[in-house]
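Two chains, two frames, some hints: make the complex.
Residue numbers (my numbering), protein chains in the order written: chain R, 1 to 179; chain Z, 180 to 756.
There is no bait here: all hints are sound.
Residues of chain Z clear of chain R, computed beta-carbon distances all greater than 10 angstroms:
1. Lys-195
2. Arg-278
3. Leu-282
4. Met-293
5. Glu-346
6. Ile-366
7. Phe-534
8. Leu-660
9. Gly-671
10. Phe-675
11. Thr-699
Computed footprint of chain Z on chain R; a stretch qualifies when at least three of its residues, placed anywhere within it, have a C-beta under 8 angstroms from a C-beta of chain Z:
12. 41-50
13. 70-80
14. 125-132
15. 135-149
16. 152-164
17. 167-178
Hints listed in this document are in silico derivations from the structure and should not be mistaken for laboratory results. The model shown is predicted, which means the values in this text are computed figures rather than measured ones. Don't be surprised by glycine CBs; every beta carbon is placed ideally from N, CA and C.
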Amino acid sequence: MSSFLPPAERNWWSTPVGKQEVIWVGIALVWCLIMFLMMPYWHLYGKQNLSSEAYQTTPAKFQQRVDEMVAQYQVGEEAGMPIVKPPVGSDVYMLGRLWQWYPILELEKDQPYRLHLSSMDWNHGFSLQPVNINLQIIPGYEMVLTVTPDQAGEFTVVCNEFCGIGHHVMLGKIYVKEN
Amino acid sequence: MAQFRVCPDSGFYFDKNAESLMKANAVAGAVFLLIAGLLGLGVILTRWQEVHLLPADVFYQVLTGHGINALIFWIIFFEIAILYFASSTLLRTRLAAPRWAWLGFALMIIGALMNNIAVLQGNSSVMMTSYAPMQAAPHFYLGLILFAVGALIGCMVFFGTLVIAKEDRTYEGSVPLVTFGAITAAIIAVFTIASGAIILIPTFLWSIGYVGHIDAAMYRVIWWGMGHSSQQINVAAHVSVWYLLVGVLFGARPMSEKVSRMAFLLYILFLQLACAHHVLVDPGLSAEFKVFNTSYAMYLAVLASMIHGLTVPGSMEVAQRQKGLTKGMFEWLRKAPWGNPVFSGFFLSLVIFGFLGGITGVVMGTEQINLIIHNTIYVPAHFHATVAVGTTLAFMALTYLLIPVLFRRQTFLPWMAKWQPYVFSAGMTLMILFMLGAGTLGVSRRHWDMDFTGAMLAFEYPGTAYTMMAVAGIGGVLGVLGGVMYLVVTVGSLLFGKKLDESAGLLQGFGVPLAPSSYTVEQPERLPMAPKLAVEEHGSAGFEAPGTFVLAMFLLVCFVVYYFINWDYLASVWPLS
Ligand code: HEM
Ligand SMILES: [Cu+2]
Ligand SMILES: [Cu+2]
Chain R
1 MSSFLPPAER NWWSTPVGKQ EVIWVGIALV WCLIMFLMMP YWHLYGKQNL
51 SSEAYQTTPA KFQQRVDEMV AQYQVGEEAG MPIVKPPVGS DVYMLGRLWQ
101 WYPILELEKD QPYRLHLSSM DWNHGFSLQP VNINLQIIPG YEMVLTVTPD
151 QAGEFTVVCN EFCGIGHHVM LGKIYVKEN
Chain Z
180 MAQFRVCPDS GFYFDKNAES LMKANAVAGA VFLLIAGLLG LGVILTRWQE
230 VHLLPADVFY QVLTGHGINA LIFWIIFFEI AILYFASSTL LRTRLAAPRW
280 AWLGFALMII GALMNNIAVL QGNSSVMMTS YAPMQAAPHF YLGLILFAVG
330 ALIGCMVFFG TLVIAKEDRT YEGSVPLVTF GAITAAIIAV FTIASGAIIL
380 IPTFLWSIGY VGHIDAAMYR VIWWGMGHSS QQINVAAHVS VWYLLVGVLF
430 GARPMSEKVS RMAFLLYILF LQLACAHHVL VDPGLSAEFK VFNTSYAMYL
480 AVLASMIHGL TVPGSMEVAQ RQKGLTKGMF EWLRKAPWGN PVFSGFFLSL
530 VIFGFLGGIT GVVMGTEQIN LIIHNTIYVP AHFHATVAVG TTLAFMALTY
580 LLIPVLFRRQ TFLPWMAKWQ PYVFSAGMTL MILFMLGAGT LGVSRRHWDM
630 DFTGAMLAFE YPGTAYTMMA VAGIGGVLGV LGGVMYLVVT VGSLLFGKKL
680 DESAGLLQGF GVPLAPSSYT VEQPERLPMA PKLAVEEHGS AGFEAPGTFV
730 LAMFLLVCFV VYYFINWDYL ASVWPLS
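Next up, chain Z with everything else stripped away, as it sits in the complex (with noise of 0.2 angstroms):
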């Protein structure tokens, strides 16, 4: 028989299984994110030309675990973590087959283990996208397949415990919307490995010698099938925790959930063809294709981000404009928690991912601007802004939501706590906005020396691209630093936080009352729809949130003036035809 206990702070139900299940994928991935950000020390500081830290094979080697270690790892457990949160704690139902829970859990362990000790033993530094011909050893490739199924189960696990919750009806209505984000990241996912099964199955049996030759250029078109929809796995998830984390702030619903679904399921539709982006600057592709697939597929998931990006924060507006905060355009948004570290990791993520990482997504994707950006800095400057901030931080402010929640230990220090979302922000804002700069001066990506040391010939970037990089080392450090204070008050919490056996008073409580929380329960009540509110108009000139209609107009603005000053500078290189 399952047992629940509710948390007396937020009303939420944990399913024991499922609760063991999401503290295991959580604590892992940030086991990885650690091992990740001291990686990328190691990585920033012999960007920054001045320091040039580490050897060339080492940084290599180095780079290589830092973007398999940050981008697949940490991320993935966290999201495993999420998916179960997501399906039994929101449904208030217990998880389907926990023991394939666990051994998916245990193969990702296996399989990132595995592939981490083929990066150290040194002979495949290959980085995250393994392009063959260049060759890893057979471990590398099979670490990486055993993480993916071990995450497949993880997905079926999420879908059989919908199914179970839609048997027992453990919910009135519809799925909430923050479940309907999930979905559509599973789904996605599994999409994704597929892809990925194609690929990487055929290049381990290349590495072990039983098949003789993999296509270069088919490759990095299937891989990119992979790689790309994987990022948008991470896009669905982290929108469904800026949703999660609004309507726990501030009691926020969405604008509309119509909207709102069917922005998710444009992720689905359209996101998970677009790999074309990669190869924009590949031989062979005909250009009908590269458009295509670039604006068709692409631009309509743009659409979908662009939604999210008025309504998340429009939802927030609305939900503190019925609170009063009605004053001006921005009242609302001044008058926010602004210490509380799930709203600033929240509302940072969600800024920087639009602005930084959304513009100069569209803008290196565009199928003729890429020639001026393809492979140089601009471009891990661009996933940093989304995977780095955006995906990273969003998980961030969960995981201070989660420390009482889930864990159910008081904050460790939680002034540390605090200013982390800003330290972290601060310091990759700033490595990031250096690395846009530097890549448009050609500086190139995954490349140990700007002084070419012992090449035949001579080349000088000019003086500018290394104040950049350096000025963009002193804020990766910066980032790192805000990496560390994560992972002291997340660790700290968990080893030195005060149990919280009763209410803390943490959380508004959401009308459940308080308990103690131990597992008394055998099948909570079923979940019911949200209350219907009286149709209330609180903003101005029938907009029900009009200072984020505002803060949509300006990325708006930035985001065409930045495009068109793209092509002007495209416009200036070389003719091609």
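Next up, chain R with everything else stripped away, as it sits in the complex (with noise of 0.2 angstroms):
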């Protein structure tokens, strides 16, 4: 009955801790110690790591270059959406609004693409399914990656911020084809 009365001893701080206590504590720090370390680990010989590039910017700015990349890039349509298809290894952009992800990428596989993300309006959700990469849009910022599609087929970025009454219907595609 002593957790919640005074401690037994005047100077608790200096009675010796069981062995079994300190054990614990060494295995628990080492275990703390390993997960610290991973995520290093994982910088330098994983291969998933965000990257911390992004610019501040603004809807008209970023939708300006979306724009200037339809233009360029356009290879078809789908549902009301351009299918852009850009050059290898080139920027690409996708953004978020209520309530679609815009415009439709198509891309090759294995190649690197820098991929920019930005929202016109409120924070989005970045899921692509069924990969399950996900990643936060901001308005004001642009993010910038390199994603590398390991594999070919039809890819949906579903919006996983809540975004309004709309969220629900706020699908993007990626399709990675084979070169």
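What follows is the structure, encoded as structure tokens:
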């Protein structure tokens, strides 16, 4: 009954600690260190790291870059939305707005692209399915990352940050073709 | 002059003012839990795709209300009651400034009602996190601000009470461990409310047009400065409750005062810095900041929780072994009072918090692994294990103690109380496990329709995702049933429970002579230090609590395996840099 009574010893800070607790604290500390080291390790040797490259932008500026890319590289249309096939290795853009991911991208398998993402209005969530890569897309910020799709097929961008009543219809597409 | 009564069943002294305030706060908390639970039923029955109960607008409205009422109003009202208990009752002192405490309570009630009205009116379905630039009605933010001010007053009353106890020398030696834990919680709460003010006050001014622009990324970082540390308040509070309950149930003492207190200190030192694991996949934050913030700041707090994870059941084991339950590794656990909801609630809270909440939290808070988890339904699964089972169930278990001790009522429908922790945790565990699974398949959180009805483009989740959400649905309904049982027992006890005038022989009385419970005492005798124990070893191999050590190692193995499984899964997704 002493967890809610004052400690039995006045100098409780200098009473020895049992062996079992010492061992456990040691084990737990080592485990925390391993978990800490895993993150830098993955930065060096892992392939999935988020770049910290990002720029402040405005919806109008970002929209303009998207429009330029669409004008230059559009190859088709689906459900009223342009399909764009930018060159391998180039800067590709996708914007989130109420309630679509625009435009549809067509990429080549195993080729790197610099993908720029931003939002025109509220927060959106870029959730690439079924790969399951999830990013937070914030208005006023342009996130840039290099992606290398290593599977061919049809991929969907689901919005997974709540963005109002049409949140559940906010889908986008990325097609990855074998070259 | 302060007036005290002594509880003849527990020996706790209650200052009359503190007692009324504890009752008021605990009851208010339970009312908001009721609201939250009913809204939670609407949420889960909509996420269960085959049922899909609510229309989209109502779903988002209900989800906003569920999150705020559960996480903020229920938990914080109850925590204020705990703060008053841990100061006034445990230190046998009068409460500082009861009028201020009532003012704080009134502000919290007004704030909570105001916020609920804003959500009910329908133009504030912005979720608990209310990320700018999505805007709610001004009284949505104002309600939260008033509530926070009220809670801050509660913390100040708590600190004032500690000062009075010290000045009046109402206890010998240092404050008890449980009070120490409560101090931790209150200190973190003050930090939290400060960063809450930094972000919510400008947001309120923005909603009424005085501020032109709120930076959306900055909002998330500061909001989570508050949002994360507020979760640390909960952890510190429910760990304190665990220590209290093992003390009450088993007469347990901490294995080492020093280790347990150091672990609480780690919470203060590191937890409130940690916001980065909520913004790991946000644009523009450097990897160094994220690694530092999630590891230096967070893992030391994780370390602290791992320590409590050993010392709480360990102290119970030591106490049980001293009573002669020494057979094998686990006799102390097998022969625990499993039919007593104070015990079962405590123990299930501990196990589910550690195994489900703790492990998933650390895994998804790893910088790179967060890529495959952020904003999926995995996230709510994780925090239902931490707050909806860990914290909530610990508070429920405490309630079963408070019904006789604080409210002086006999428990209404004891058989229901007996089953409640099992029903609640079985339901929640089912919901948690299957939402974790669905999240791994990419199902998103805060999402009305897995079928994407009406979208211009089409997408289908795998069939297993639907099955998982359906099982989660069944679990959620069972969980709500468990919540209803809790409220039936508590409300029933207060309304119909037999009044306890004399000792009901419910607890062992901690050596205090049994007496009728009336306000006769002017100042209790000074709280003595815990009796010294002759050092005895009851375990094996020099271990005081070998069974607990085995359980802890089992937790660690699960942790390590699951952690690396997730790295493996991450390695399979598209390369990014
Ligand atoms: C009793 C049964 C409960 C059920 C069935 C339930 C169900 C759910 C579900 C399914 C979600 C996720 C919805 C989504 O993201 O689409 C959710 C969100 C949430 N729940 Fe619960 N819950 C329960 C109790 C609790 C309790 C006791 C707490 C806290 C103490 C809690 C706190 C929250 C919070 C904070 C959210 C996040 C809201 C948001 O995304 O803004 N829940 N709940
Ligand atoms: Cu969106
Ligand atoms: Cu959305």
